[in-house]
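Undergrad: If you want the building blocks of each chain, they are given just below.
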Amino acid sequence: MVHSIKLPIRAVGLSPGYIPPEEDEPLNHNISISIIEYSETDYLEKDQVSIKQCLDRLDTPSMTWIIVNGVSDTATVAYLGKQFKIHPLALEDIMNTGQRAKLDTYDNQVFIISRFLFHNEQTNTLSDEQVSIVFGPNYLICFLERDKDVFAPIKVRLRKPSSRFRKQGSDYLAYAILDVIVDCYLIVIERVDFDLDHLEEELVRSPKPQTLQKIRHAKRQMISLRKNIWPMRDVINRFQHLESNLVTANTQVYLRDVYDHTIQTIDMIEGFRDVVSGMVDVYLSNINIRMNEIMKVLTIVSTIFVPLTFITGIYGMNFDYMPELHYHWAYFTVLSLMALIAAGMVYSFYRRKWI
Amino acid sequence: MVHSIKLPIRAVGLSPGYIPPEEDEPLNHNISISIIEYSETDYLEKDQVSIKQCLDRLDTPSMTWIIVNGVSDTATVAYLGKQFKIHPLALEDIMNTGQRAKLDTYDNQVFIISRFLFHNEQTNTLSDEQVSIVFGPNYLICFLERDKDVFAPIKVRLRKPSSRFRKQGSDYLAYAILDVIVDCYLIVIERVDFDLDHLEEELVRSPKPQTLQKIRHAKRQMISLRKNIWPMRDVINRFQHLESNLVTANTQVYLRDVYDHTIQTIDMIEGFRDVVSGMVDVYLSNINIRMNEIMKVLTIVSTIFVPLTFITGIYGMNFDYMPELHYHWAYFTVLSLMALIAAGMVYSFYRRKWI
Amino acid sequence: MVHSIKLPIRAVGLSPGYIPPEEDEPLNHNISISIIEYSETDYLEKDQVSIKQCLDRLDTPSMTWIIVNGVSDTATVAYLGKQFKIHPLALEDIMNTGQRAKLDTYDNQVFIISRFLFHNEQTNTLSDEQVSIVFGPNYLICFLERDKDVFAPIKVRLRKPSSRFRKQGSDYLAYAILDVIVDCYLIVIERVDFDLDHLEEELVRSPKPQTLQKIRHAKRQMISLRKNIWPMRDVINRFQHLESNLVTANTQVYLRDVYDHTIQTIDMIEGFRDVVSGMVDVYLSNINIRMNEIMKVLTIVSTIFVPLTFITGIYGMNFDYMPELHYHWAYFTVLSLMALIAAGMVYSFYRRKWI
Amino acid sequence: MVHSIKLPIRAVGLSPGYIPPEEDEPLNHNISISIIEYSETDYLEKDQVSIKQCLDRLDTPSMTWIIVNGVSDTATVAYLGKQFKIHPLALEDIMNTGQRAKLDTYDNQVFIISRFLFHNEQTNTLSDEQVSIVFGPNYLICFLERDKDVFAPIKVRLRKPSSRFRKQGSDYLAYAILDVIVDCYLIVIERVDFDLDHLEEELVRSPKPQTLQKIRHAKRQMISLRKNIWPMRDVINRFQHLESNLVTANTQVYLRDVYDHTIQTIDMIEGFRDVVSGMVDVYLSNINIRMNEIMKVLTIVSTIFVPLTFITGIYGMNFDYMPELHYHWAYFTVLSLMALIAAGMVYSFYRRKWI
Amino acid sequence: MVHSIKLPIRAVGLSPGYIPPEEDEPLNHNISISIIEYSETDYLEKDQVSIKQCLDRLDTPSMTWIIVNGVSDTATVAYLGKQFKIHPLALEDIMNTGQRAKLDTYDNQVFIISRFLFHNEQTNTLSDEQVSIVFGPNYLICFLERDKDVFAPIKVRLRKPSSRFRKQGSDYLAYAILDVIVDCYLIVIERVDFDLDHLEEELVRSPKPQTLQKIRHAKRQMISLRKNIWPMRDVINRFQHLESNLVTANTQVYLRDVYDHTIQTIDMIEGFRDVVSGMVDVYLSNINIRMNEIMKVLTIVSTIFVPLTFITGIYGMNFDYMPELHYHWAYFTVLSLMALIAAGMVYSFYRRKWI
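Sequence order for the protein chains is A, B, C, D and E.
Under the numbering used here, read the first sequence as residues 1 to 355, first letter to last.
Under the numbering used here, read the second sequence as residues 1 to 355, first letter to last.
Under the numbering used here, read the third sequence as residues 1 to 355, first letter to last.
Under the numbering used here, read the fourth sequence as residues 1 to 355, first letter to last.
Under the numbering used here, read the fifth sequence as residues 1 to 355, first letter to last.
Be a bit skeptical, because a hint or two may be false.
Copies of the same chain are indistinguishable here, so a pair counts whether it falls within one copy or spans any two.
Simulated crosslink set (DMTMM-like; lysine to aspartate or glutamate; CA at most 25 Å straight-line) [what the hints assert, rightly or not]: (1) 82 <-> 40; (2) 52 <-> 145; (3) 167 <-> 40; (4) 208 <-> 193.
If you are wondering where the hints come from, they were derived from the structure by calculation, not from laboratory data.
On a predicted model such as this, the values are computed, not experimentally measured, just so you know.
With the hints as extra help, turn the sequences into a complete structure.
TA: As structure tokens, then:
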């Protein structure tokens, strides 16, 4: 469905940074906030914290990672944004999900919008969500559309006391999040690859009208993948070359790696596109081949029987003087003749490889 | 209609800055001018003002926003242009609507042509209009083709005494106008998206010859959208990076946001283009599939009845000696035989999945 | 015709700057030279002047504009070129018309080749001619292929004593010439637009085999337009940014305007290309739809009458024992039965929307 | 098979540089390591060495070339990487084969991933393998997926005591390896060229449904070739312009040569792509031409016999008063008439060039 | 034939600069060397000189132009290369013909590979050859694949004592050679243009299955032209902007001219490509139109006669009670009825414009 494109429309001309009031969800819908605080020596993880608790933690020298699950409670997010000194425009983008991936810098803050992709098993479609990241010297806040445990592997690594990770700053954490997101692209790609293989087999073995629908669905998926992943490439590239004291040289080396993975993903998608666009050709040629089959049958049957029927017509005429009619073996001679003609036809079709 | 492209032709070789005399509208057609003046403390809004009143206001230190509705009264616009010291080339572009979006700088004046898009409900087509903006240190003049209240939301914000807006200069006002225009793109896009969904359903359920017309209409719309919006991207990008004391760093941050929205719009249009171009394939394959259907019916009917008719032909011949004719049950035997042949045919079609 | 491309071949390996001897035109074919001289105060216009007169005028401080109509008299043009100190390579390009638009600078001289387009009403084709311009500090020489009064509007402006034009230098005159040429593009574009509209109507209402020829003709025109106008864009862009004391800042502002017009023209051509390439699809689908129509008629007629004919065949058989033949109302019963079958068929076609 | 794309997925979110445990191969699978040490005077070559022996050799002033065959024994490779001070990210890429070609620099080490292509005669497909190269001041380690003697020619040159090669550093050895790999591309290209020629002949002489499959297979090969070779171009280009004391000016000259070969390979692949995409057109038009053939036969037979059968039908009617029936020569007259009609039909088909 | 691409494969991994032993030509095949020496005052031209003689001439202050015809005698070329101090990589490229056009600089030597194109009248194909140029301060050596007098026009100009040419250095000679080569492109283009015109006429008047083969042949030629000429553009561009004391400003002006010609050639090829790719559409639509013709004939004949045959069938039935049979004028009434039906059908076809 084309409609699946989420349009980030705000009422025209409202002041930028305006937060649209929630309509389709209850206002008392709670945002759930988790906080993780870590330093080389300590590690603290707490779910369901209040905004107040978050703010207290921000002032500590240790790294503070705040995860906000759900961005639909506009008022809370707005309040949060104000407390964390997030620029109104960034805040607007966080709440109006469906943004293109991008990276903006505000004074001493980096703001990243990234697109997270996953394969929705129930609907058998690709879903995409927005993951917004704001980080400053010793804190990182990330906003998720829904409460999913996508960052579990990062937490596992942080929990290990000896982890190199704990010594790194907020830029490394941002890298780790992007790395997880890009790794998920590869999983999605693998799934798409698997589906395409199936589709291809169906196409060759038993193409149906629905097959074309499936091909178009696949095409649409490619468009969606491109739309989400291409901007990510730019984001990671800009992050890597960001001239800011917030990004260390060490992190830049790691970002180069994520960048390579993104390029690889894009390469594969481009390959898929070629494959899919070739499928339409195969489908159309299959239709043509079937038409040929049908025409052949029609032609063979008509070409054999129409002349024979003509012969029977001749001897069905009622002329007074038709000498052949009175010969004793005429009937069987004519039958044999017709058998011969039919055999000749069949042989000629055989030679043309129609049979 | 290709013809809907407005050609900004002036008579060949006339001096640049020449204003073509109006032909299809009465000369006494009045331009309506509105003026809005605001500063941190004051706000003044007045419709139907005279040029003289405008000029008086330009000298005040507060921001002056002049809105000229209608650019067809050439003489008045030319007079206005001269009074406001607008460069002749800019003035020419203002009057010859149908220009590509662009940004030019003249000494201490920035001149922007932008394209405003809206969906015309009566004709069910996209319409585009030219919005020309000229701004200097503390004034902004904008020229509209027709009297439409597109800037209402900006006025609402300006009327609030506490508005941040009131403290901003003419560059911020220019940004606000562009922001409204780009937001309107998204509304148009949503409408196009909706239409494409309908078209797609029609295409799959009941394609008619008109469907192809509709697809081509959609294709044409995409071309028109691209043609209007791509140059806007450049304009906003150049505005954002303009090296001029007329543009503050604060406004540049906001322009980045508008720029992102434009990119997003373009992304969607590109996606639509892919969707639309895929539709032609589907339509053609649908025609082919229908042809197949028709051929199948023809082939089935012919293949069953042509051989049977041949058999009836045999026993309709008038040979003297045809022993079968005289057997008592011959007629019913032949009838049964024909029923058997027909059944065999039907079974063979069933196995080929033609039935 | 592909052949309409003029190949600027000189004999291989001849020294550059070589002027090919005229073959298909008489040698005594006269070049006609006009001269216009103007300053703020004076204006002089003279047709059919001699080369000697031209040279005399070049030394005066006032602007001298020399128009050479016809470049086929090689010897004269070569002599002229030598007198005016035009570089041999430039001179070669002037005489071998069919060059790509380009801009070269030689010491204290700017050399521009531009392509002039017009719609030839007699042959209903686009024609293109080469307009070569050489200008230095206070003179401009332009070479036309044929004697056409394309620059009439410029002359009209120059004749007015009060004209701003008279105060400008040779760069402004070059701008004015390019402006006229680009304005003519728009006229050509309008004509093409008109033709495409007609073609489109023909395509939808009554496509014929010739229609495809017309579409291809239109496609070829687009290629030709692109080929001529794209290089003009570069030429004007380079002219605009030329680092030379021959080009004033004022002229550059005006050139920006011409540049915008060229871009607009190119935009439209790109739009036309999309329209034209869509036409082939429509044409092919029209052929397919007609085929469908034909097949439908065949299928309906065959499917109704073939079974009925089979029934008549049955009762035309000559078996001794066919009890139905002897029932009194059998004939009319069979007739009714056949009418029923036919009605059933018709209804089934109606339900499939074939009728 | 799309699936042939190897997806370098590591478990999402694991720490970068993580080595996935081998699952489908026995853990005691041995990596085989060869070592070659050379200087202007000496040459030493040893297979099946231990890691310990390698490390001892690294400290000597002579060039040390270590070849690791097989990267599936994760633990050993990881240990090796640690001993050779290879960056964890590089090590990860070495083990997760299926990477895009790339070049990264770490402090005093250059890391290159290159793609080696060869034609697998058994499966008649293109296979690709990853060759990873790490080199520092006087050593080069290269990792191969399988034990193949691809570098034999390099060894032959090194063994010659007088070889220029022996005096060169590790950058020249890296060049030599890339040169071998790019030369192999040309062999693959030649093979593809040969296959395409065969395919083309088949296409023109006797196209079958399988031909389309083969065309698609060829198309897929082109995609795969592009995917592997394009990034190599960038790698060699970057290597050539690397600002590092590890790369001498002499080697850069040689790299320019390899670069040219890569460009040439890419040129050929692009040419192949055009050829292959044209094949689909030919195939489809062949199907159409065959359909035409079939239709012609049907039409000729039907058009000749249907009218004749109608005539026999007329004289088969049982009206009491049909005067023709009683003329003596009527039968033969009608037969002659039918022969005439048939002849006329045949002639008309002949004139339309259907026969 | 795809195979016509010459693959410059050397045995994998051999030392660069390696010269492959000639296999298909006798070893005693002689290279023929010509020498031309010229200065402002003197001119010397000698064919069939020995290498020794060449070397003697190199030391003189006058310009020395050595033309080596045939590069298949590897040993001689290698010896020559060594004597003239040509870099081994350049020498390898000279001998392995089939290289892409390129320009490399070695110390005080410029090395250019250019592609020479000509139309082979016997095989009616485009042939391409490699012309390799090496020039230093006062000498230029050029290597041709075969002994052809392509440089005759240059010699003609050099022989004139008054020629400007004689005063120029080796860079101007290199320019002159490239100019000859690019002029030959235009001749080839003219020939291709001529062929395309013929092909187009054939396509419109009497398309045959071979026509598609010809179209594909033309397409292949375009690919080959592009492949050869595009790199030439880069070579000439780089030559023009070469920062080397070997290239004078004067020559650069002339190179600009050659560059323009190359661009023009490329423009034309791009135009041809569009034309050729449109031809496939026309061909396919022609097939479709013919199919339509065939279908129409079948449908008209069937639709007229099938119902009529049905009527004859009715009155051929043998029912006892068929009152119409006994009416005196029934037969003629039925005949008239059938004529009427046929006329109605024909009229309906006429209205549908099928006849």
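Undergrad: For every hint, state whether the structure bears it out.
TA: Hint check:
Proximity of residue 82 and residue 40 under a CA criterion of 25 Å is satisfied inter-copy only: 24 Å between copies versus 30 Å inside one chain copy. Taking CA atoms no more than 25 Å apart as the test, residue 52 paired with residue 145 passes inside one copy only; the shortest distance there is 22 Å, against 53 Å between copies. For the homomeric pair residue 167 and residue 40, the shortest alpha-carbon distance inside one copy (5 Å) is at most 25 Å, but the shortest distance between copies (47 Å) is not. Taking identical chains as interchangeable, the C-alpha atoms of residue 208 and residue 193 lie at most 25 Å apart only when both belong to the same chain, with a minimum of 21 Å there against 28 Å between chains.
The structure is consistent with each of the numbered hints, conforming to all of them.
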